[in-house]
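Trainee: If you read the protein sequences in the order shown, they are chains A and B.
For the first sequence, the positions run 14 to 298 when our numbering is used.
For the second sequence, the positions run 121 to 416 when our numbering is used.
To be clear, the hints were calculated from the coordinates, so they are not data collected in a lab.
Each residue gets a CB set at the ideal place from its N, CA and C atoms; glycine is no exception.
Be careful, since some hints might not be right.
Claimed, not checked - With a Cα cut of at most 27 angstroms, we get these calculated DSS-like pairs of lysine-lysine:
| id | chain 1 | residue 1 | chain 2 | residue 2 |
| --- | --- | --- | --- | --- |
| 1 | B | LYS183 | A | LYS23 |
| 2 | B | LYS358 | A | LYS19 |
| 3 | B | LYS323 | A | LYS19 |
| 4 | A | LYS23 | B | LYS317 |
| 5 | A | LYS19 | A | LYS50 |
| 6 | A | LYS26 | B | LYS317 |
| 7 | A | LYS114 | B | LYS302 |
| 8 | A | LYS26 | B | LYS127 |
| 9 | A | LYS19 | B | LYS317 |
| 10 | B | LYS127 | A | LYS192 |
Stated by the list, open to error - Footprint (simulated), chain A over chain B, 3 or more residues, beta carbon under 8 angstroms:
| id | stretch |
| --- | --- |
| 11 | 129-143 |
| 12 | 235-247 |
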Amino acid sequence: MRLSQKIEEKFFKVLMIFSTYFILIILTLIIYSIFEKGIKAMSWEILVQVPKGGYYYGKGGGILNAILGSLSLAFSATVLAFVIGLPVALYINVFLIRHKKLVNFIRFLLDLIWGIPSIVYGAFGFSLMILFGLQTSLLAGILTVTLFVLPIMIRSMDEILRTVPIGLQEAAYSLGSNKSETAFKIFVRQSYSGIITAVLLSFGRAIGDAASVLFTAGYTDNLPNSLLEPVATLPLSIFFQLSSPVPEVQDRAYASALVLTIIILVVSLFSRGLGKRYHKTKINF
Amino acid sequence: MYLLNRKQRHGVNYTWMIISLLLVAFLPFFLFSGLYLKSFLLIHDYSLTELIFSNEWRPSSGKFGFYPFIVGSVWVTLLAMIISAPICLLTAIYVTQYTRKSFLRIMHPAIDILAGIPSVVYGLWGILVIVPFISRYLGPWMGVKTMGYSILAASFVLSIMIIPFILNILIEIFRAIPGELKEAALSLGATPWQTIKQVLLRKALPGIIAAFGFGLARAFGETMAVLMVVGNVVKLPKSVFDPGYTLPALIANNYGEMLSIPKYDSALMFAALLLLIVSLFFNLVMHFFIVRYNKY
């Protein structure tokens with residue numbers, strides 16, 4: 014090997030190692046700075062109270078409204094997306110299994126929808142609300158976020174369902190079950206862990222997205238109590254508190270960011286753990 | 121035990137599936153027509169070239185020029201890609217070609233977490249770390265006075281945000297390349313880096329382009345993180361240290377007052393329509409690259 018080749022070889026290897034560790038270091042740095050700032054600002058008061066008068070000028074209170082609001086919004090949107098998404102994913106993989114071209118087209122369509130930025134969903138939801146004369150409300154937020162997480166939900170379920178071997182399907186038919194029974198009883202059970210992962214992934218997306226709820230869910234200092242009233246969400250509470258010039262309020266933004274980050278981390282940990290646990294119901298080939 | 125018999129249950133399930141599928145399949149069409157109808161007022165009154173290439177943005181006097189926002193979006197997106205693309209490519213090669221399988225077991229959760237962090241948290245991190253870094257160190261070091269809230273800050277934050285998307289696709293692509301190709305090159309006496317450069321990269325090129333394209337589309341539509349660090353000044357940026365404004369940030373910042381000024385809501389919906397078209401276009405084109413890649 015010539016010297017110049019040797020140098021080139023070494024140079025690119027070092028560059029590769031450098032960029033790999035750069036990504037890992039940046040990730041640790043982000044997590045570290047969120048935790049470091051957040052823990053300093055964290056207190057019980059923030060977690061269990063709603064904003065009191067003068068909260069945005071540094072007076073007492075907490076972000077319970079945003080925590081509960083975000084959880085209820087993300088939970089409902091995930092449930093709704095599951096109710097619409099699971100049948101679609103099953104339909105593609107059970108009913109359309111012989112129509113490869115059509116299935117590929119639907120997958121392509123879903124990928125296209127997945128790529129649409131969330132702010133577009135927000136704007137679309139807003140234009141619908143004006144059309145129907147609705148106010149910003151929990152309901153509007155749920156519907157918009159449902160549309161936003163639908164492609165994520167369907168595509169992640171689809172990735173699991175398509176690995177179900179055709180032999181299992183044929184065995185089910187030969188024992189006399191019809192197509193929808195095969196779908197809901199056999200396919201769902203076989204891909205249980207993957208479906209849970211898909212649901213948790215969608216939940217994480219739903220709770221973290223701000224741009225789609227900005228127009229549609231609004232913001233309030235009250236706890237969520239009705240579908241037709243505005244609701245506070247964690248990402249927006251971080252955003253609003255951070256744009257305040259008062260240092261105490263900014264500190265609470267860090268604490269809110271910590272809460273949101275912990276929720277997301279726990280959800281992603283759960284999805285990994287649960288995925289392993291439900292392997293028992295799976296038939297191995 | 122059941123309310124309905126087997127056949128009826130099958131019927132219910134089947135209808136449910138078809139309705140859901142139709143809803144999803146027509147979603148892009150709904151989105152497009154909804155936004156188009158809302159922005160129709162604006163498109164009807166102004167010519168498209170005027171909207172896109174005019175510099176003037178004064179909604180209160182009926183001037184809607186999107187040029188500064190489009191330029192801001194393009195700058196931020198391209199700069200983010202320039203930072204992110206080589207890092208992703210090098211990492212993907214390293215992870216798939218040089219390390220053992222067990223290293224991927226560290227990398228995958230890391231990528232998942234990076235992808236899961238909400239954009240608001242990225243924005244907050246940008247304000248905490250990137251903005252002061254630019255205003256205190258990078259700006260003075262380059263001899264520029266800057267607030268820190270700038271195109272560059274937005275690109276930095278954005279480049280980190282799109283790493284997981286691009287990296288995931290790239291890793292899939294490099295893993296899909298058959299091992300024999302690599303072995304053949306190595307057996308002919310090529311060094312590992314020569315093999316990568318002459319064989320792997322060439323083979324994976326359509327896939328790599330597609331991965332970058334998806335990342336680009338992702339970056340173009342990113343809202344909150346960019347909004348928080350880009351500075352939000354309606355002006356054509358002269359350098360990367362200047363503050364700018366992007367299309368998504370425009371929509372997100374002005375939703376509150378858009379109903380009080382005539383045609384303002386149409387203008388914002390037009391911005392959303394532009395974003396939708398750009399994202400659909402990019403994803404469409406990149407899809408054909410992926411299809412080509414799979415054909416080889």
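Trainee: All the hints need checking, so say for each whether the structure fits it.
Mentor: Here's how the hints hold up against the structure:
| no. | hint | verdict |
| --- | --- | --- |
| 1 | LYS183/B x LYS23/A | violated (57 angstroms) |
| 2 | LYS358/B x LYS19/A | violated (42 angstroms) |
| 3 | LYS323/B x LYS19/A | holds (24 angstroms) |
| 4 | LYS23/A x LYS317/B | holds (14 angstroms) |
| 5 | LYS19/A x LYS50/A | violated (46 angstroms) |
| 6 | LYS26/A x LYS317/B | holds (12 angstroms) |
| 7 | LYS114/A x LYS302/B | violated (32 angstroms) |
| 8 | LYS26/A x LYS127/B | violated (63 angstroms) |
| 9 | LYS19/A x LYS317/B | holds (14 angstroms) |
| 10 | LYS127/B x LYS192/A | holds (11 angstroms) |
| 11 | 129-143 | holds (count 10) |
| 12 | 235-247 | holds (count 11) |
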